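There are 2 protein chains.
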Amino acid sequence: MPFYEDIKVGQRGELGSFTFTAELIKKFAGQFDPQRFHLDEEEGRKSLFGGLTASGWHVAAVCMKLMVAYAQRHARHAAERGDEVAIGGPSPGFRDLRWIKPVLAGDTVTFFSEVESLRASSTRPEWGIVQARNTGTNQRGELVFSFLATGFVPRRNAKP
Amino acid sequence: MPFYEDIKVGQRGELGSFTFTAELIKKFAGQFDPQRFHLDEEEGRKSLFGGLTASGWHVAAVCMKLMVAYAQRHARHAAERGDEVAIGGPSPGFRDLRWIKPVLAGDTVTFFSEVESLRASSTRPEWGIVQARNTGTNQRGELVFSFLATGFVPRRNAKP
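If you read the protein sequences in the order shown, they are chains A and B.
For the first sequence, position 106 matches number 105 in numbering that gives the first Met the number 0, and the numbering has no gaps at all.
For the second sequence, position 69 matches number 68 in numbering that gives the first Met the number 0, and the numbering has no gaps at all.
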């Protein structure tokens, strides 16, 4: 994770890609979203989705997983360069989460994050607040998933 | 799931309760959100959260799980009464998801859903569109989680 001072509005990063196999779709659905079109190919085909479809929460959780891995790679590279490593703060939530198209079994979704706004926290001088639009695009280039995340990022040289 | 015609603005249902044990918190985090304060008690204590904390996506996924179980109980009861069973449609997304307070290891969260608005779909006459505020409250009565969900509900006697 970069420090507040190193972030610019418009910065865009590729978080990574993930293939939603039928096996992984059913596993997540069995744990958290056991609706018929997430559990069974035939039920998926009969549904509005037209096939076995990943739970929207599965798509969101995979995006989170890739965001964390991206931040951890960033921290490792900073440490390897001998730079100070920024440790991110909590997220108060997000807005406008949209499942734009179904993610069907076998689809590969590539996730991106783009900084939309940036400001210093008025109450916590050691933190900045960043808003980023996180999106997922499938192997046909179609946008399938989008949300606006808000998170705290540490300021350089401002210890709590 | 009820039919569009049976839903009223202001209706509130208790979806169910869930205890976020340390074991379940770490299991979800290992799969989807491997940040230190979701994986380790000591790291949690040193963090802003003050203890091992459930991933916000874990809280959201558990809410989904309880919503599905609630809808399935509703369908079973309708079938037992000999009523027609409504089958819900997809959700296009949600808004304003907020993680208001941390959910710490051992916390029990009770989830509720309250209908905020209801309208017929202008393009799909067999569906209505419902917006519901879903919330989670911990064992101390504190609101910890909230989001506004949008979903399609079937209209009675309107076959696709």
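The hints are simulated quantities; they were obtained by calculation from the structure and are not laboratory data.
Among the hints, a few may not be true.
BS3-like, lysine-lysine: derived pairs with alpha carbons at most 25 Å apart [said to hold, decoys possible]:
| hint | chain 1 | residue 1 | chain 2 | residue 2 |
| --- | --- | --- | --- | --- |
| 1 | B | K45 | A | K25 |
| 2 | B | K25 | B | K45 |
| 3 | B | K100 | A | K25 |
| 4 | B | K45 | B | K26 |
| 5 | A | K25 | A | K100 |
| 6 | B | K7 | B | K45 |
| 7 | B | K100 | B | K26 |
| 8 | A | K45 | A | K25 |
| 9 | A | K26 | A | K45 |
| 10 | B | K25 | B | K100 |
| 11 | B | K25 | A | K26 |
| 12 | A | K26 | B | K26 |
Derived CB-CB ranges, DEER-like [stated by the list, open to error]:
| hint | chain 1 | residue 1 | chain 2 | residue 2 | range |
| --- | --- | --- | --- | --- | --- |
| 13 | B | S121 | A | E42 | 25 to 35 Å |
| 14 | B | S120 | A | E83 | 45 to 55 Å |
| 15 | B | P91 | A | E79 | 36 to 46 Å |
| 16 | A | G9 | B | T107 | 40 to 50 Å |
| 17 | A | K26 | B | L117 | 30 to 40 Å |
| 18 | A | E13 | B | L117 | 50 to 60 Å |
| 19 | A | E42 | B | H76 | 19 to 29 Å |
Every value quoted in this text rests on a predicted model; they were computed, and no experiment measured them.
Note that the Cβ used here is the ideal one computed from N, Cα and C, for glycine as well.
> Taking 25 Å as the top limit, are the C-alpha atoms of K100/B and K26/B close enough?
Replying inline: holds, 21 Å
> K25/B and K45/B: Cα distance at most 25 Å?
Replying inline: Holds, because 17 Å separates the two Cα atoms, which is no more than 25 Å.
> Does the alpha-carbon distance linking K45/A and K25/A stay inside the 25 Å limit?
Replying inline: Roughly 17 Å between the alpha carbons, so the hint for K45/A and K25/A holds.
>> Hinted pair, alpha-carbon criterion (25 Å max): K100/B, K25/A. Please report holds or violated.
In response: violated, 31 Å
> Does 45 to 55 Å hold as the CB distance between S120/B and E83/A, or does it fail?
Replying inline: holds, 53 Å
>> Can you confirm whether the C-alpha distance between K25/B and K26/A stays at or below 25 Å?
In response: holds, 18 Å
>> Against the 25 Å threshold, does the CA-CA distance of K26/A and K26/B hold or violate the hint?
In response: OK: K26/A and K26/B at ~14 Å, within 25 Å.
> Do the alpha carbons of K7/B and K45/B lie within 25 Å of each other, as the hint requires?
Replying inline: Violated, because 46 Å separates the two Cα atoms, which is more than 25 Å.
> Using the C-beta atoms of E13/A and L117/B, is the stated range 50 to 60 Å upheld?
Replying inline: violated, 40 Å
> Can the suggested window of 36 to 46 Å be confirmed for the beta-carbon pair P91/B and E79/A?
Replying inline: holds, 43 Å
>> Assuming the hint says 25 to 35 Å, is it satisfied by the Cβ distance from S121/B to E42/A or not?
In response: holds, 28 Å
> Would you say the C-beta atoms of G9/A and T107/B sit inside 40 to 50 Å of each other?
Replying inline: For T107/B against G9/A, whose Cβ atoms are near 43 Å apart, the range 40 to 50 Å holds.
In summary, the structure is inconsistent with hints 1, 3, 6, 18 from the numbered list given earlier, while agreeing with the others.
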